[in-house]
Every structure is written in structure tokens, then in C-alpha cells.
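The lines below spell out each chain.
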Amino acid sequence: MKEVVLDCFGEACPVPLVKAEKAMVDLEVGDLLIVQIDHSCAMKNVPEWARGQGYNVEIEEIEDGEWEVFIEKTK
Amino acid sequence: MKRLLIIKRFKGVNYLSETNATSSLSQRRSASRESGRTRKPKKNLIPHGIATFIIFILLGAWLTSKEPSLGIMWMTGIAFGFILQRSRFCFTASMRDPLLTGVTSVLRSVLVALAITSIGFWAIKYGAFVKGLPIPGMGYVVPISFATAIGAVVFGVGMVIAGGCASGTLMRVGEGFMMQILSLAFFVLGSLVGAHDMGWWQDNVISKGTAVFLPDYLGWFGALFAQLALILVLFIIADKWEIKHSDGQGGH
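Chains as they are written, first to last, in the numbering used here: chain A, 1 to 75; chain B, 1 to 252.
Calculated from the structure, these hints are not laboratory results. The reader is advised that the hints may include incorrect statements.
Across the chosen pairs, the derived CB separations fall in these ranges [stated by the list, open to error]:
| id | chain 1 | residue 1 | chain 2 | residue 2 | range |
| --- | --- | --- | --- | --- | --- |
| 1 | B | I78 | A | D31 | 41 to 47 angstroms |
| 2 | B | S69 | A | D64 | 32 to 38 angstroms |
| 3 | A | G65 | B | G120 | 49 to 55 angstroms |
All figures in this text were calculated on a predicted structure; none of them were measured in a lab. By construction, the Cβ of each residue, glycine as well, lies at the ideal position given by its N, Cα and C atoms.
Using the sequences provided together with the hints, build the complete structure.
Here it is, written out as C-alpha cells:
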């Protein structure tokens, strides 16, 4: 049940998505990936990709224009 | 204790599954990360919004007093930017995400937007044609040539690296994304280089192609039908593409 924080502040779309995809490969079922983003486009496609994969996703706006996307690897 | 509802999709049917608080993602994180870190409260941005809105209106009124069409451009530009930002509409993502993740929701919304604008532009042009007026926008009917294909490839590579197309870059500069200010600077520089070499492309490549205005070939209604039918076919392909590439988990 480990947590991995992926710092993608300042990275433009699609870099956060590609990084999240790569980080997810190394995680085990039940692990949590926290992607930190401030690019509004990534705020859409990272959760969309993760939901498409069937993972549990939650989004929290931690600052104005900064988000943390929580992705739980479920399979 | 706060309980969380998660909607899960199973074989195309939505059902509600209640997960208890211990398995909620934000609960898990609040247990491990939140402790020892106090978050500063968010600034209330509503007064800024109201002030900006008033400035927009005053500037719009001033522009309209100078030249009525400027006021219309001002309002359309702001409305376009607002919708672009709030909807997270992104032309780059529409072309890139189908190949990167198999998600085609943005691509499909671009196709819907194209269909709506096709009908709108058709109505404007057909209206002018029926009244016997000169058809507006005919200056944009330009020859199809290799320049179109070369330009599309260069623009496509550029927008994916820069993180946004022309409108997307402008919108994110407005959002305050620093990297995209750099994109904008080089976008302006690239446009200057493009404008400088446009004459060469015009003489050597573009003028060798043929200009096609669909109503000349298919009739007014045939052109509209052909265009909408093509968009519908692309929409169906995009929908099938997403189903094929997302592990059958839905994701619509």
C-alpha cells in the first residue's frame, strides 16, 4: 500500500499523462499514485485515461490552478 | 464518518457502489500526507472576476464607439476563450489522445463542433447565394496542394511539443502557464518566418493545386450532405476506436 507522488508542476500536456502511464507500470495493486499538475489540459486527460483503465480516481484542487490527481491501481 | 459513493461502470451499466471510508482515496492520503501540513486557505477570486468583467464591458463599449465591428470581435474573442478554458477544449488533445491513450472524447467533440459550424457557414453562404449577393468568405477557398499536407505535419508535431495549438496556447498564457509564454514567443517568431516564405510556397506549390468549392460540384444541398456524412463516418470511427483501445472499460 505505498504512495508515489509524481511532481508534474510546470509540465505541459501530454508529459504528465506519459509520466503517469510509466509510473503506473511499476506500481502494484492497491498502491496509490498522486499526480501533481498545473496544466489545465492534463487535468482532463490524466483522470480520463485512468478511469478508462478502470482505476479509482479522485481530483483535488489544492491551489488555484494546481491539482492533485489520486489514482488507485485496482488491477 | 464521511462515506463516499463511487460510480462504477460494468458492462455498460452504471451502478452505485458504496465504499466505506477506509478505502476512499482522499481518506487514505489524509492519513499519511495531510498530517503536519497545514494548507493555506484559497484566495477568494470572485472580486477579481467582477472587476475584470467590468473592465471587459468598459473596453468593449469604448471599442464599439471607435468601430462597431471591433466590439463584436472583442466579445466573440472573449466568449471563445472563456468556453475554451472552461470546457478544457483542446484541438491538440483531440488529435493526440486517440493515439496516446485511445480516448476520443475530445476528438468527437471537435467533430460535433465542425458539424455545427459547417451548418452555420453553409447557412450564411447559401443565404447570400439565394439573395444574389456576393458569397462571403470565398477568399478562404484556396487550392489543396502538398503545402496542406506539409503544413499539417509541421503544425501537428509543433503543437504536441509546445503543449497546445494556436488557440490553446493563447488560452493557457491567459491561465498563467509559464512554459506556454515561451511557446507564444516562438509561435509569433514562426508565424513571421512563415509569412516571409509564404510567397515562395504560393508560387511553387500552392498555385499548382486545384481549389474545390463543394457546392460547385455537388450542389448546395449535396455539399452540406456530403460534409455532414463524412463527419458522421469519422465520428463513428472515433467511437469504435475508443471502445477498441480502452480495455472495454467504458471511459465515455
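Consistency of the hints with the structure:
| no. | hint | result |
| --- | --- | --- |
| 1 | I78/B - D31/A: 41 to 47 angstroms | holds, 44 angstroms |
| 2 | S69/B - D64/A: 32 to 38 angstroms | holds, 35 angstroms |
| 3 | G65/A - G120/B: 49 to 55 angstroms | violated, 33 angstroms |
Checked against the numbered hints given earlier, this structure breaks only hint 3.
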